[in-house]
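K.L.:
Sequence:
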Amino acid sequence: MLKFFAGWLLSAAVATAFAAPALTEVHGVKVATQMASQAPLLSSHSVLVMNSQTGEPLYEKNAHQRLPIASITKLMTAMVVLDADLDLNEAVTISDAEIDRLKNTHSRLAIGTTLTRRELLLLALMSSENRAAAALARSYPGGTDAFVARMNRKARALGMRDTVFYDATGLNVRNSATAADLALMVKAANGYPLIRQYSTAQHHAVYSGANRLLQYKNSNALVREGEWDIGLQKTGYIQEAGRCLVMHATVGAQPLVIVLLAAGNPAARINDAKAIRHWLESQPGHWLAAG
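With positions in the sequence shown counted from 1, the corresponding number in my numbering is that position plus 101.
None of these hints come from the bench; they were simulated from the model.
The reader is advised that the hints may include incorrect statements.
Said to hold, decoys possible - Straight-line distance between alpha carbons at most 30 Å, and here's what the computed DSSO-like set of lysine-lysine pairs gives:
| id | residue 1 | residue 2 |
| --- | --- | --- |
| 1 | K255 | K288 |
| 2 | K204 | K255 |
| 3 | K318 | K288 |
| 4 | K204 | K318 |
| 5 | K318 | K375 |
| 6 | K255 | K318 |
| 7 | K288 | K375 |
Use the sequences and the hints to build the structure in full.
P.N.:
If you want it as C-alpha coordinates, here you go:
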(Lines of atoms letter the chains of each structure in order from A and count residues from 1; the text may use other names and numbers.)
(Lines give C-alpha, C1' and ligand atoms only; values in the text may rest on other atoms or scores of the structure.)
Protein backbone atom coordinates (compact mmCIF):
# COMPACT_ATOMS: atom_id res chain seq x y z
CA MET A 1 0.00 0.00 0.00
CA LEU A 2 2.82 2.39 0.91
CA LYS A 3 4.62 1.46 -2.31
CA PHE A 4 1.46 2.24 -4.31
CA PHE A 5 1.03 5.58 -2.52
CA ALA A 6 4.67 6.53 -3.12
CA GLY A 7 4.23 5.71 -6.80
CA TRP A 8 1.06 7.83 -6.95
CA LEU A 9 2.91 10.78 -5.39
CA LEU A 10 5.70 10.46 -7.96
CA SER A 11 3.18 10.34 -10.82
CA ALA A 12 1.37 13.37 -9.44
CA ALA A 13 4.64 15.29 -9.13
CA VAL A 14 5.58 14.49 -12.73
CA ALA A 15 2.12 15.48 -13.96
CA THR A 16 2.37 18.77 -12.07
CA ALA A 17 5.81 19.49 -13.48
CA PHE A 18 4.51 19.05 -17.02
CA ALA A 19 1.11 20.66 -16.52
CA ALA A 20 0.20 23.31 -19.05
CA PRO A 21 1.26 26.74 -17.80
CA ALA A 22 -1.46 29.14 -16.79
CA LEU A 23 -2.34 31.71 -19.44
CA THR A 24 -3.09 35.34 -18.76
CA GLU A 25 -4.94 37.62 -21.17
CA VAL A 26 -3.20 40.89 -21.95
CA HIS A 27 -4.70 43.21 -24.57
CA GLY A 28 -6.63 40.32 -26.13
CA VAL A 29 -3.56 38.05 -26.21
CA LYS A 30 -3.10 34.98 -24.03
CA VAL A 31 0.43 34.35 -22.80
CA ALA A 32 2.09 32.20 -20.17
CA THR A 33 1.30 34.02 -16.92
CA GLN A 34 4.86 34.30 -15.65
CA MET A 35 5.87 36.03 -18.89
CA ALA A 36 2.85 38.24 -19.41
CA SER A 37 4.40 41.58 -18.48
CA GLN A 38 6.90 41.48 -21.34
CA ALA A 39 4.73 39.87 -24.01
CA PRO A 40 5.23 41.50 -27.42
CA LEU A 41 2.42 43.14 -29.37
CA LEU A 42 2.47 41.44 -32.75
CA SER A 43 1.13 42.62 -36.09
CA SER A 44 -0.15 39.23 -37.21
CA HIS A 45 -3.89 38.86 -36.71
CA SER A 46 -3.61 35.25 -35.59
CA VAL A 47 -0.65 33.80 -33.67
CA LEU A 48 0.22 30.59 -31.89
CA VAL A 49 3.56 29.81 -30.26
CA MET A 50 3.58 26.29 -28.88
CA ASN A 51 5.99 23.92 -27.17
CA SER A 52 6.38 21.26 -29.86
CA GLN A 53 7.12 18.48 -27.40
CA THR A 54 4.20 18.99 -25.03
CA GLY A 55 1.71 20.98 -27.09
CA GLU A 56 1.62 23.69 -24.42
CA PRO A 57 0.87 27.21 -25.68
CA LEU A 58 3.13 30.09 -24.76
CA TYR A 59 1.39 32.78 -26.81
CA GLU A 60 -2.10 32.77 -28.35
CA LYS A 61 -3.85 35.43 -30.39
CA ASN A 62 -7.04 34.53 -32.25
CA ALA A 63 -5.63 31.02 -32.51
CA HIS A 64 -9.04 29.44 -33.14
CA GLN A 65 -10.23 31.87 -35.81
CA ARG A 66 -10.44 30.36 -39.27
CA LEU A 67 -8.55 32.33 -41.91
CA PRO A 68 -7.24 31.90 -45.47
CA ILE A 69 -3.83 30.23 -45.36
CA ALA A 70 -2.42 30.83 -48.86
CA SER A 71 0.72 28.78 -49.59
CA ILE A 72 0.92 27.29 -46.10
CA THR A 73 -1.28 24.82 -48.00
CA LYS A 74 1.83 23.39 -49.66
CA LEU A 75 2.88 21.58 -46.48
CA MET A 76 -0.22 19.43 -46.83
CA THR A 77 0.48 19.07 -50.56
CA ALA A 78 3.93 17.72 -49.76
CA MET A 79 2.64 15.25 -47.15
CA VAL A 80 0.05 13.85 -49.56
CA VAL A 81 2.68 13.39 -52.28
CA LEU A 82 5.04 11.60 -49.92
CA ASP A 83 2.29 9.49 -48.34
CA ALA A 84 1.46 8.13 -51.80
CA ASP A 85 5.02 6.81 -52.18
CA LEU A 86 5.16 8.03 -55.77
CA ASP A 87 8.38 7.82 -57.78
CA LEU A 88 10.15 11.07 -56.98
CA ASN A 89 12.45 10.63 -59.97
CA GLU A 90 9.56 10.40 -62.43
CA ALA A 91 9.47 13.23 -64.97
CA VAL A 92 6.46 15.56 -64.88
CA THR A 93 5.85 18.19 -67.56
CA ILE A 94 4.26 21.55 -66.78
CA SER A 95 1.07 21.86 -68.82
CA ASP A 96 -1.65 24.42 -69.55
CA ALA A 97 -3.53 22.99 -66.55
CA GLU A 98 -0.96 24.63 -64.26
CA ILE A 99 -1.74 28.16 -65.47
CA ASP A 100 -3.18 30.20 -62.59
CA ARG A 101 -6.62 31.32 -63.71
CA LEU A 102 -7.71 32.38 -60.21
CA LYS A 103 -5.16 35.10 -59.44
CA ASN A 104 -3.35 35.29 -62.79
CA THR A 105 -0.03 34.99 -60.99
CA HIS A 106 3.17 34.62 -62.95
CA SER A 107 5.46 31.60 -62.89
CA ARG A 108 8.95 31.16 -64.30
CA LEU A 109 8.20 27.50 -65.01
CA ALA A 110 7.20 27.76 -68.66
CA ILE A 111 4.66 25.41 -70.17
CA GLY A 112 6.57 22.39 -71.45
CA THR A 113 9.19 22.47 -68.71
CA THR A 114 9.93 18.93 -67.54
CA LEU A 115 11.25 18.30 -64.04
CA THR A 116 11.32 15.34 -61.73
CA ARG A 117 8.63 15.07 -59.10
CA ARG A 118 11.43 15.56 -56.55
CA GLU A 119 12.38 18.93 -58.04
CA LEU A 120 8.74 20.03 -58.17
CA LEU A 121 8.39 19.17 -54.50
CA LEU A 122 11.56 21.11 -53.66
CA LEU A 123 10.44 24.21 -55.58
CA ALA A 124 6.96 24.08 -54.05
CA LEU A 125 8.33 23.99 -50.51
CA MET A 126 11.43 26.16 -50.82
CA SER A 127 10.22 28.87 -53.21
CA SER A 128 6.44 28.37 -53.02
CA GLU A 129 6.32 27.71 -56.78
CA ASN A 130 2.62 27.43 -57.62
CA ARG A 131 2.92 25.59 -60.93
CA ALA A 132 5.13 23.03 -59.23
CA ALA A 133 2.47 22.36 -56.59
CA ALA A 134 -0.32 22.24 -59.18
CA ALA A 135 1.65 19.76 -61.31
CA LEU A 136 2.19 17.54 -58.27
CA ALA A 137 -1.57 17.41 -57.75
CA ARG A 138 -2.38 16.82 -61.42
CA SER A 139 0.14 13.95 -61.69
CA TYR A 140 -1.31 12.18 -58.64
CA PRO A 141 -3.25 8.94 -59.31
CA GLY A 142 -6.81 10.08 -60.05
CA GLY A 143 -5.71 13.63 -60.82
CA THR A 144 -6.22 16.91 -58.98
CA ASP A 145 -9.69 16.14 -57.60
CA ALA A 146 -8.44 12.93 -55.99
CA PHE A 147 -5.42 14.78 -54.64
CA VAL A 148 -7.47 17.53 -52.98
CA ALA A 149 -9.84 14.93 -51.51
CA ARG A 150 -6.82 13.20 -50.01
CA MET A 151 -5.61 16.51 -48.56
CA ASN A 152 -8.89 16.93 -46.72
CA ARG A 153 -8.87 13.35 -45.46
CA LYS A 154 -5.35 13.84 -44.18
CA ALA A 155 -6.44 17.00 -42.37
CA ARG A 156 -9.26 15.12 -40.64
CA ALA A 157 -6.87 12.31 -39.67
CA LEU A 158 -4.56 14.86 -38.03
CA GLY A 159 -7.44 16.31 -36.01
CA MET A 160 -7.62 19.51 -38.08
CA ARG A 161 -11.34 20.02 -37.67
CA ASP A 162 -11.43 23.65 -38.79
CA THR A 163 -9.46 23.22 -42.00
CA VAL A 164 -10.53 22.80 -45.61
CA PHE A 165 -8.59 22.61 -48.88
CA TYR A 166 -9.82 23.37 -52.40
CA ASP A 167 -6.51 23.28 -54.23
CA ALA A 168 -2.88 22.24 -53.79
CA THR A 169 -1.31 25.68 -54.19
CA GLY A 170 -3.11 27.97 -51.74
CA LEU A 171 -4.16 30.39 -54.49
CA ASN A 172 -7.77 29.49 -53.73
CA VAL A 173 -8.94 31.83 -50.97
CA ARG A 174 -11.26 29.08 -49.66
CA ASN A 175 -8.26 27.13 -48.38
CA SER A 176 -8.59 28.02 -44.72
CA ALA A 177 -7.61 26.89 -41.24
CA THR A 178 -7.02 28.06 -37.70
CA ALA A 179 -3.59 28.63 -36.22
CA ALA A 180 -4.33 25.80 -33.80
CA ASP A 181 -4.96 23.44 -36.72
CA LEU A 182 -1.86 24.59 -38.55
CA ALA A 183 0.23 23.82 -35.48
CA LEU A 184 -0.95 20.22 -35.82
CA MET A 185 -0.02 20.25 -39.50
CA VAL A 186 3.44 21.66 -38.80
CA LYS A 187 4.11 18.99 -36.19
CA ALA A 188 3.01 16.28 -38.61
CA ALA A 189 5.04 17.70 -41.51
CA ASN A 190 8.10 17.86 -39.27
CA GLY A 191 8.02 14.07 -39.23
CA TYR A 192 8.94 13.96 -42.94
CA PRO A 193 12.71 14.32 -43.48
CA LEU A 194 12.29 15.52 -47.08
CA ILE A 195 9.87 18.26 -46.06
CA ARG A 196 12.33 19.46 -43.44
CA GLN A 197 15.19 19.37 -45.95
CA TYR A 198 13.39 20.96 -48.88
CA SER A 199 11.53 23.67 -46.96
CA THR A 200 14.80 24.92 -45.45
CA ALA A 201 16.99 24.62 -48.56
CA GLN A 202 18.69 27.91 -49.41
CA HIS A 203 18.58 27.74 -53.22
CA HIS A 204 18.21 25.48 -56.24
CA ALA A 205 18.61 25.82 -60.01
CA VAL A 206 16.56 24.15 -62.75
CA TYR A 207 16.36 24.38 -66.51
CA SER A 208 13.13 25.72 -68.01
CA GLY A 209 11.42 24.43 -71.14
CA ALA A 210 13.48 26.90 -73.19
CA ASN A 211 16.65 25.38 -71.68
CA ARG A 212 17.19 28.53 -69.65
CA LEU A 213 18.78 28.15 -66.22
CA LEU A 214 16.47 29.41 -63.47
CA GLN A 215 17.83 30.24 -60.03
CA TYR A 216 15.40 29.84 -57.12
CA LYS A 217 15.90 30.88 -53.49
CA ASN A 218 14.06 30.25 -50.25
CA SER A 219 11.01 32.45 -49.79
CA ASN A 220 11.71 32.87 -46.04
CA ALA A 221 14.14 35.67 -45.17
CA LEU A 222 14.91 34.00 -41.84
CA VAL A 223 16.22 30.93 -43.64
CA ARG A 224 18.27 33.07 -46.01
CA GLU A 225 19.77 35.06 -43.12
CA GLY A 226 20.89 31.84 -41.43
CA GLU A 227 20.62 33.11 -37.85
CA TRP A 228 17.79 30.80 -36.75
CA ASP A 229 17.73 27.07 -36.05
CA ILE A 230 14.78 26.31 -38.35
CA GLY A 231 13.87 22.68 -38.92
CA LEU A 232 10.87 23.33 -41.16
CA GLN A 233 9.11 26.39 -42.53
CA LYS A 234 6.57 27.61 -45.04
CA THR A 235 5.60 31.10 -46.11
CA GLY A 236 2.32 32.13 -47.70
CA TYR A 237 0.74 35.14 -49.33
CA ILE A 238 -2.35 36.09 -51.26
CA GLN A 239 -4.06 39.43 -50.78
CA GLU A 240 -6.96 37.94 -48.83
CA ALA A 241 -4.68 36.01 -46.46
CA GLY A 242 -2.01 38.63 -45.86
CA ARG A 243 1.52 37.51 -45.04
CA CYS A 244 1.66 34.11 -43.36
CA LEU A 245 4.46 32.05 -41.87
CA VAL A 246 4.73 28.74 -40.04
CA MET A 247 7.90 27.28 -38.59
CA HIS A 248 9.22 24.43 -36.51
CA ALA A 249 12.24 26.08 -34.90
CA THR A 250 14.48 25.66 -31.89
CA VAL A 251 14.91 28.69 -29.64
CA GLY A 252 17.34 28.15 -26.82
CA ALA A 253 17.13 24.38 -26.50
CA GLN A 254 13.36 24.31 -26.93
CA PRO A 255 11.64 23.08 -30.12
CA LEU A 256 8.71 25.35 -30.91
CA VAL A 257 5.89 25.58 -33.42
CA ILE A 258 5.29 29.18 -34.51
CA VAL A 259 2.23 30.12 -36.57
CA LEU A 260 1.70 33.68 -37.86
CA LEU A 261 -1.34 34.45 -40.02
CA ALA A 262 -2.67 37.62 -41.67
CA ALA A 263 0.30 39.87 -41.08
CA GLY A 264 -0.05 43.17 -42.92
CA ASN A 265 3.02 44.62 -44.63
CA PRO A 266 5.70 42.42 -46.24
CA ALA A 267 8.08 42.66 -43.25
CA ALA A 268 5.45 42.10 -40.56
CA ARG A 269 5.64 38.32 -40.27
CA ILE A 270 9.45 38.39 -40.06
CA ASN A 271 9.39 41.18 -37.47
CA ASP A 272 6.80 39.25 -35.45
CA ALA A 273 8.95 36.11 -35.50
CA LYS A 274 11.98 38.09 -34.34
CA ALA A 275 9.95 39.73 -31.57
CA ILE A 276 8.80 36.30 -30.36
CA ARG A 277 12.36 35.00 -30.31
CA HIS A 278 13.63 38.07 -28.44
CA TRP A 279 10.82 37.74 -25.90
CA LEU A 280 11.61 34.09 -25.22
CA GLU A 281 15.37 34.47 -25.12
CA SER A 282 15.13 37.39 -22.69
CA GLN A 283 13.61 35.16 -20.00
CA PRO A 284 14.61 31.53 -20.58
CA GLY A 285 14.09 30.52 -16.99
CA HIS A 286 10.33 30.97 -17.32
CA TRP A 287 9.40 29.37 -20.60
CA LEU A 288 11.99 26.58 -20.56
CA ALA A 289 10.76 25.61 -17.11
CA ALA A 290 7.20 25.51 -18.47
CA GLY A 291 8.21 22.77 -20.93
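K.L.:
State for each hint whether it applies.
P.N.:
Hints, verified against the model:
At most 30 Å may separate the alpha-carbon atoms for a hinted pair to count; K255 and K288 meet this at roughly 13 Å. With a CA separation close to 26 Å, the supplied pair K204 and K255 stays within the 30 Å bound. Restraint check: the Cα-Cα separation between K318 and K288 comes to about 24 Å, which is no more than 30 Å; the hinted pair holds. At roughly 22 Å between alpha-carbon atoms, K204 and K318 fall within 30 Å of each other, so this suggested pair holds.
With a CA separation close to 21 Å, the supplied pair K318 and K375 stays within the 30 Å bound. Annotation: proposed proximity of K255 to K318 holds, straight-line Cα distance about 29 Å (limit 30 Å). Using a Cα cut-off of 30 Å, the hinted pair K288 and K375 holds, with the two alpha carbons roughly 21 Å apart.
The structure is consistent with each of the numbered hints, conforming to all of them.
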